Each structure stands twice: as structure tokens, then as C-alpha cells.
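Chains as they are written, first to last, in this note's numbering: chain G, 13 to 858; chain S, 7 to 326.
Hints are computed from structural coordinates only; laboratory data are not their basis.
Cut-off 27 angstroms, straight-line C-alpha distance, at most; resulting in silico cross-link-like pairs (BS3-like, lysine-lysine):
#: 1; chain 1: S; residue 1: 18; chain 2: G; residue 2: 772
#: 2; chain 1: S; residue 1: 18; chain 2: G; residue 2: 730
#: 3; chain 1: G; residue 1: 772; chain 2: S; residue 2: 158
#: 4; chain 1: G; residue 1: 646; chain 2: S; residue 2: 18
#: 5; chain 1: G; residue 1: 730; chain 2: S; residue 2: 158
#: 6; chain 1: G; residue 1: 544; chain 2: G; residue 2: 457
#: 7; chain 1: G; residue 1: 80; chain 2: G; residue 2: 577
#: 8; chain 1: G; residue 1: 285; chain 2: G; residue 2: 80
The model shown is predicted, which means the values in this text are computed figures rather than measured ones.
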Amino acid sequence: MARVTIGDISLKSCELSPELKRLRDDYFRSTPEICVERPELVTRYSLEAGLFGKDKITILEKARMYRKTLENRKPVVRHLQAFEKTGNGMRSFEVRDSSPFAGSTTGKFKGVILYPEFLALNLWPELWTISSRQSNPCRISTSDVRKLNYDIFPHWMEANILEITRKSHADQLQILQQLIFFLASKPECISHTIPDFSQAVGKGLRAMIDTAEAKKVATDDDRKKEFYAALQEVLEGIIAYSRNLADEAERLADIETDNFLRDELREIARICKKVPESPASTFREGLTTVWVCWTAIHLENPNVGLSLGRLDQILYPLYRADIDAGNLTVEEAVELIGYLWLKIGDHVPAMPEAGEQLFGGTGSNQAITIGGVNNNGNDAVNDLTYVMLRATELMLLRDPNLNARYHPDVHPDEYLRRLCDANITSRATPAIHNDRAVIAALQSKGETLEQARDYGVVGCVEPGSSGRHYGHTAAILLNLTSALELTLFNGKHRHTGLDVEISKKTGDPKAFSTFDEFKQAFEKQTRWLVDKSTALNNVLGKTHQNFYPTPILSAFFEGPWDKGKDIIEGGAVINSSAAAIIGLADVADSLSAIHQVMEDKVSLQGKKITLSDLIDAIEKDFAGYDALHSWLIKRAPKYGNDDPEADENVSYLVGLLDKAYGEKENYRGGRYRVGYWTMTIHAGFGKIMPAIPSGRKVHENFSSGITPVSGVTPDLTKALNSVAGIPTGCLSGGVALNLKYTPDDGDRAAMLDNFVSYVKGYFDDNGGERYGGMEIQFNITPYEDFINAVKHPDDYPELLVRVSGYTAYFRDLTPQMQKEIIDRTEYLLSTGSAVQHPPFQISPRR
Amino acid sequence: MEASRPLIATVKRGSLDDGPGIRSVVFFKGCPLKCTFCQNPETQDPEPEIAFRSEQCIRCGSCAGACPEGAVDLDDSNRIRRDRCVRCGICAVVCPGRALYFIGRYYTTVELSELLLRDRAFYRYSGGGVTLSGGECTLYPDYVESLLHLLKVAGIHVVLETSGYFDYGIFEDKILPYVDLIYYDIKLMDRQAHIKHTGRPNELILENFHRLVSDAEVEVHPRMPLVPGITATRANLSAVADFLYKTRVTSVSLLPYNPAAVEMAPCLGRPAPKLPGNFMKPEEEREIYAMFSELLEGMRDGCLIAPERELKETFLFNKI
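Pulled out of the complex, with its shape left as it was, chain G reads as follows (with noise of 0.2 angstroms):
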């Protein structure tokens, strides 16, 4: 069976209808709006249930509170007003609502979603300020200011995630709140998973309550018992949500003039009473499904990094079978594709100023995956992957995070053409994963070969077996330039003061006489840091386990309905975590240059450079070491030149914290992973770290995800063979490759064989050498157009890149993150070689 039958896979024809491209400019209009319904809900319930202050949150407690929660929401069916930005603070305006999807995970039209069982009270010393805030503000009315200093965050001092692990474990957070050394994130979510939908689509809520029943008969143990019962309840509860939004447009019916919409909302009336109790037959009721089941999923699970899987495998047959019966054109789906990803959007996170440093511009980071191979490896791309690739070149949205699948064995040449040119077209979408090595890596970590093929992406790169694999792929943020630094200064850091002892001692690295003593120190410093971090994690999941169950999203899961067990307890099939990497390239390139010194190599004014020199002068920031730090720059080997003796550090990195972090068992009793993606805080940290043997001076920015150092590889193919080389076993966790092309204005089509053909070069396996490169994103935008966003941002709203990771508007971005996109190495698409910008220098904003 053909599985693509459009004859133009661009579809270029298909424009958004005027009602959508309305809503799309009303949404870019929107600022976005603080909304209390959950923390309100979830507070009432608490405190009626009399869940504060209990040893233990059980499963069914919870599943009952966010029954009524559900049962409670207020149904929004139309938007009906938001609030812009104006040059004296905040405006409302009418929003023109024609969504053909009901149903919104807040009640705002953009709303900030609040989980004051997590990091939501960060936001409380702001709630006064945070609407005239110079980075993102939100609108918050005075009245939910005041719900919020009284009636919800005052319960939750001491009932948040944080706090409660605090109670018991006050010096394990220590390290945490010095920030330099790791981020651990449970303390504001798990998330970072994709859910199953099929069963929601293809059997409906119901179905999976009787489901439940009979499984609840059928043990005879009370702890199964519970959870079943506990999938039932919240099954429930969603149910009566979208009976509650039927309810609402048959209301809305009532009083509506215009015929036409009258009609409509007596159509979501009728999907919203059908869907998601009994099974989707019509692909709009499919994707009601899941958008509904998508809302309460973020009841329980905060915005971060969530997403939602191959949405083109699981819709498939239901788009399938309304083309055939010619109840829908490929227009008319591009169309409910683009309203629907307008939804996605519907929700930000809620970011305090002090997080704007390390993750400003983010969005919620739901990343959905199409293309790619199906079970049995072949070709799984269809006409709804091409209608999904269209819809997102239209709406250009930061969320959903667009990633696309690509086999280089399986694949037709015209499938990578077409993601390459929406990439021109978007600038910076969808990413492109390579399934030979992705698969590769999932399997070398036990994965079966069909676990491993049904892979999508989650949050920002990070691959998992959709719907059984449960990962906290960002549960560790690892700042890997703080073990050299423990390492330079025998386990303290210049950022918490040479008179404070972090970590062991490992001997004065003056006193080593070999390379291969140093990498000892470094080994013993960077398992401390992996120790240390997974500790924490495990401690921080032990909370969850025991005050944040979670029955929704075990709902949505393969595994916990077998097991009879919470995916927060080792219910899902797969269980791992992941700790993500940031400062790979800067830490390979320190130890090439260290390197090079220890033996001797570097002599600079007459004199040989020692470890000493090389250590006083990162202590000294250079200043009076120009003839080091140019030699630094310019001469020490670089990662990224296909240079076999820098590469050799990565590998070696890369090899020691899989190997470290491999060995580590989570408190789900799976093993954690590794990652190289670094979203925005690959400039967070650098801001705050001093000068390391790199040649990196203070405050300047770190790499970014698994991409050599910015401005030190002139030659693309190189960059690409050096990435492409490193071991993929090592990344399971996922890699984000960012690449920069300044787009030519001439020939097109020549333009896109060279993007494809580095794509493909990159990909290859080198006659089966190694498994290719994992991963690889773009920016691709004129050099001028960024320096002109930077100094006229109101001009370039929808200016849309890619930072390490995840899509963002580049208008909300950190003045230090703005600046590292710009300064990335940028590669001219047609000759190939690194394009030459003074490194552009920020000026403060007005």
C-alpha cells in the first residue's frame, strides 16, 4: 500500500484559511497570562481531601482530585480576550476564536500554567512586578494576585516537591543551590516523556475504564487494586471534561445568529460528547482525542518538555480512511493540523526572572516526531507526514517542537529534500534525526529492535520508545567544565571561593607529571559530580513516588496496565533517566590544550608553558598571558576539524560519563543515559563561569550541545566528520548538532543539493565505520536580520531558531543567548566555508 499519495509533497498550494491566519496573528499578538484555575482547583481539593501535611500521597487520593479538578475546570469553548503588550503596560483585546478543537490546558488564551506543587512559589516575591518585567512578562490580574498570596502558595510552602526533600535532606540540596556544578530538575517536573495515545484513539476512555475494571477484579492484590481504580477515576474525570465542553458549545449554539457557526459549534458539541469516551472514527475526532486527553495529561504532568510522539503513525488510518471516503481534502487537514498546533501552543511556562538567565525564551518544548521507520523498518512516511510539515511551515510556531525521522537506508532522496526545504522556508524547522544511529544507540541500551524503531522525540532531541518509555531525559543538567574545574583546583571552584572544599581531593594538578594522571584527577572529579547528581535525582524521585503518583499519565502508558503499577514506580516498560551534558567541546578542547602542554609541546617566548602557567593564567583570565591565550586560540587542536587528536577527547569524554552515568540505578530501577543538548543554558553557565584552559575567557559562552566551539571550524565537512565519528552507543540520551547557514538569494535547488548532500555525508556510515551522525538542526537566516532583531525586536516577532534543542523566538531570547546564536559558526550553503563576523558584542537594552 502506498503510503504517500499526494503528488506534491510540498504543498505548496495549501495557504492558511483567513479564520486561521486571524487566530495565528491574535496568538503572536498575545501576551501570555497567569492563570489560577489549577493551583485554585488543586488547592481546594487538597485541602478538602486533607492531603497537606500526610506522610504519603497515595495513587487513588490523587486520581480523586483530579477527577473533580476535571470534573470542575471551566470548559473554554471559544477564547474570547487577551492582553498585549502596549508601550504603558498591558492591554486587552478581542480574540476571534474559530478553533474547530474545544477544550484549553489553561483558562487564558496563552496561558501560564501554575504547579504549585513544584517550582510555581518562585514566582511569588514577582507576582506584583512580573507583568512589567523588562525579559517576557506575563499579565496577571490583581485579584488572582491576591488568590494566589493568600488563598493557594501560603499551603504549599512546605508541600512542594523541593521543600518536602528539603525536610530530610538538607545537604544533598546544597550542591543544587550553588547552581555551578549541576541542575537537577524533579523539583519542578518529571515530564519529559511521550504518552500512548492509541488506546485513548482507537478504544476510547471507556473501553480502557471497563479495561480497568476487570483488571481490578481479576487481582487479588490491594496496591493493583488501588491503581486501577485510581486509571479510573481520572479516566472519568476526563471524560466529563469534554462532556462539560459539549455542554458549552451546545450553549454557545443556543445564542449564536450566524448559521454557519452555529453549526460548527454543534459539531464540537457532537465530537466533544463522543470523543475521547468512545473510539475516534473521523480524523477530527482523533485529534480531539488526543488534545483533550492532552489537557488533562498537563493537569498532572507540568509543561516541560512533554510531547506527543509520531502523531503521523497514530492518525494515519483514521486521515486515511476520510480521504477515501472523500470526507476530507488534504487542504482541509493541513488546515485542522495548523489549528491544532495552535492549541499545542496554548500554554507557556512559568519562568521567574531568576530562571529568564538560564532558560529565558523557552517554551513548553512538545516536541512531535514524524517520518521515521515503522516496526518492521521500513518506510513508515505518508501523506499526513507532508501535511503535518506543511502545516508547521505555515504556522511557524515555537511550539510544537517539529522533529523529523530519516533513515539513509530507507528512505527516498525527495523525503530529506523536503525537510531541508522547510528548513529554508522556516528557518530553523523541523530537526532532522538520523534512525540508523538513533536506533542503533537505543538498542545498545537494552532496547529490543522494535522498542527501539518506534522512538520519538521528547522535549528538545532526547529519543525514547513512544508511549513505554518513561525517561526524565532531563533529569541532570550537568555543567561538565565544573569536574576540570575541581580537577584544576584540586576539588574546589573559583565560583564558590578557593577557600571552600566541594568535592575530594585529587591532588595538586601542578604536581602531576603525565597527561594520564591529570584524566585520573579528572575521572575521580567527574564521578563525584555523577555520584553526587544521581544521589540527589534518586532522593528527589523518592519525593514523587511518595507525594506526586501520577495516574494520568500511567493512564496514557505501556507497561503500568500490565504491571498494575505507576509509571512514578517503575510501571512503564522502559525506565531509565538521562542527565544531559553542557560544555563537552570546551572541556575536549581544555584537555587537548592541557595536553599539549604536559607534554611539553607548547614553548612561547623562549619559555615552555607548564600546567602552572596555563592554570595562573585561566586564574588571571589571560591578562598578561596574550602569547598563551593566542596560542589557545589559534594553534591548541580544536574538536570539530576532523583532527584526530582533539576528536580523541571527546570520545573519551563521552565514553567515561556513559560509562559512569551507565552504571547508576534510578529509583525506578532503570539505569540513567546521557545526552548532549544544552537548550539556552550552555549561555547560562558561561555567564558565571570563569576562564578555562580552552582559551574561553570569563562570562563567555560554553558550546552548545554536542557542536564544537563557535569559530574554531572553518570547514564544514570536518565539523560534520568529527561529530559524526564520535561513538553513538555513548549518546543514547540524544545529541543536538546546531548549524548555522546564511541562505543564499540565488538558486534555490542549487542550494538545497548541497543541504542535502552535507546532510546525507553527515549521516553515512562510512562504509559501515560507524553509525553516522545522531542529530542535526539548523538556523538558517540572514546575519543581518539577527543583528536588525536585536536592535528592533518588535520588528521580527516570529523570528523563529533553533537554540540547543528546542525552537524559540529568538525576540525572547537572553541578551547572552541572542549573542551566541549570532556569533555561531555560520557556513555559506553555497560555497561551504565558514563565513567570518567580528564576535558581535552586546549593548544594554533598553
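Following the hints, complete the assembly by docking chain S onto the known chain G.
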């Protein structure tokens, strides 16, 4: 063995400008011609050289301290007193900023082919390969033969860029069998002018071109570097057009002037040639293209102009 091995000035990877697809370009050192306008003056001398780029210099003095000949003078804007320099390269080894850098490295053909094969995936998908440039690689027929043999075994597409100043018999025997495409420079038609600006007469070049085009099966693509006042004159363009017409080639590329010679010569301690220091303006390029097509028009009944890329205008002659 070292003696028969040429120096390689540089290997440029990932080039999109030296033949079809993504390519690696090997710049051989040494050329029988000494064109005043050479874009790669560092490849003319077969011996190693030391170049100095003042903008990279931080005046740390490492070089002066290291030079055993006392040939480095920090007060001299060219840094090296070439009359004392023995090109040992120690100054380049100690220079932290690559302001002083050594040009010329020996590779065995196995080493060089391994380096070139590192990008074979990119060649394969883009229809690219390896381009031999220089300098003049035909100066080293045995080495080139051995290298090309290794590349051909690996199925690599090979482009040769040549000045045409070679012994045809040896070339035909050792190099030609391995080459897929030849970029052949035609510079000046006037013999005296050719001697003046390249150091050699042009008969051999023109003869070899003729023979290649008529005898060889390989595709030969003539190229003409445009140098204002030297090659880009009406008289020379006219003579070139006439010559090409008579040899019955079907196309030629006019390469816009590149002022690299003016920038690079002082770095190598040579006087800068009296040539423009800037690239041609687009309107100047267009003017020359217009003149050239007009000349072709006058010669025969019309020609087709088919720009390959912005930087390279290719004129396709009508097949006769």
C-alpha cells in the same frame, strides 16, 4: 624518496567552487609559470615558504627569540628579513597566533589519499570529489600518478586545474588516464604579453590545449582569469574567443579578478604587483561579459550565455 615528493601548500576541504559537488582541493606547491596576478602566489615556489600576516601578530616576540639566523625583525612590518631567512620554519612553530606560518608539507601519497578519502561520503552524495590545483601538479607526474591511482581505486571523481604548461607525452601517460575533468587556464594570446606576465611563452600551452581537446576523451573546460588591463582587454578577449572558436570547444568560463596576489605577495616578502587591490564590481564584470558575448556574436551567429554561478560566467558556444 623525499626529493621526488612535492610539497603540498594546503588541502582545502568541503569546497563547492572547484568543480562539481563537494570537493577537497589539493594545492601543490611549485609552478613553471610565475604569473604576476596569480591568485595563489604561495604555490609558485616549490620550496617551503614562511608567510606573515601582520593583523594576526600580537608582538609577543617568540619568533625573534627563536630564530637561529637572526632573520626576524620585530620593527620590520614584514617581520622577516628574507635575505637572512633559511626557511627553517622555527619562527612559525613558536608563533602562537599563526601570524607566521609555514607553507609546504610533505605527504606520502597514501597519507594524502587517506586524508582526501575522509570526505568521501560528501563526495558521493553531492557528485563531488577531489580537485588537484596549485601551483601545477603536472610538475610531479610520478607522485600524481600514484595518488590518482589510489583515488581511482576508491572511485573518486578527479578534476585537474592546470596552466597547460606540461610535457604532453608524460601527461598523457601518467596523469590523463585518471582524470575526469580538466579546468584549463587560457590567459593571454599574445606571446610577448604572456612572457611578460607569466614568465613563459604560450605556444606549449595552446598546443597542449589543442591536442587535449581533439585527442583526449576527457572533458576539457577552458577558463580565463580576468585581470584588468592584462587579460581583460578587448584585444585579448577577442583573440581568446577566436582561439577557442577554432578549437571547437563549446564553453568557457571567465573568472572575475581576485586580488589575492596583491594581498599575499607582501606576506611572502615579495613586492606587491601593480594590480587593483579590490574585487571587480558587478557592473565591471557585466561589462566584460557583455564585451565578450559581443565578440562572439560578431564572430558567428550568436552564442548562449549561461551563468553557472554568480562568480563564474560561462559562455556556451553553439555547437557547429
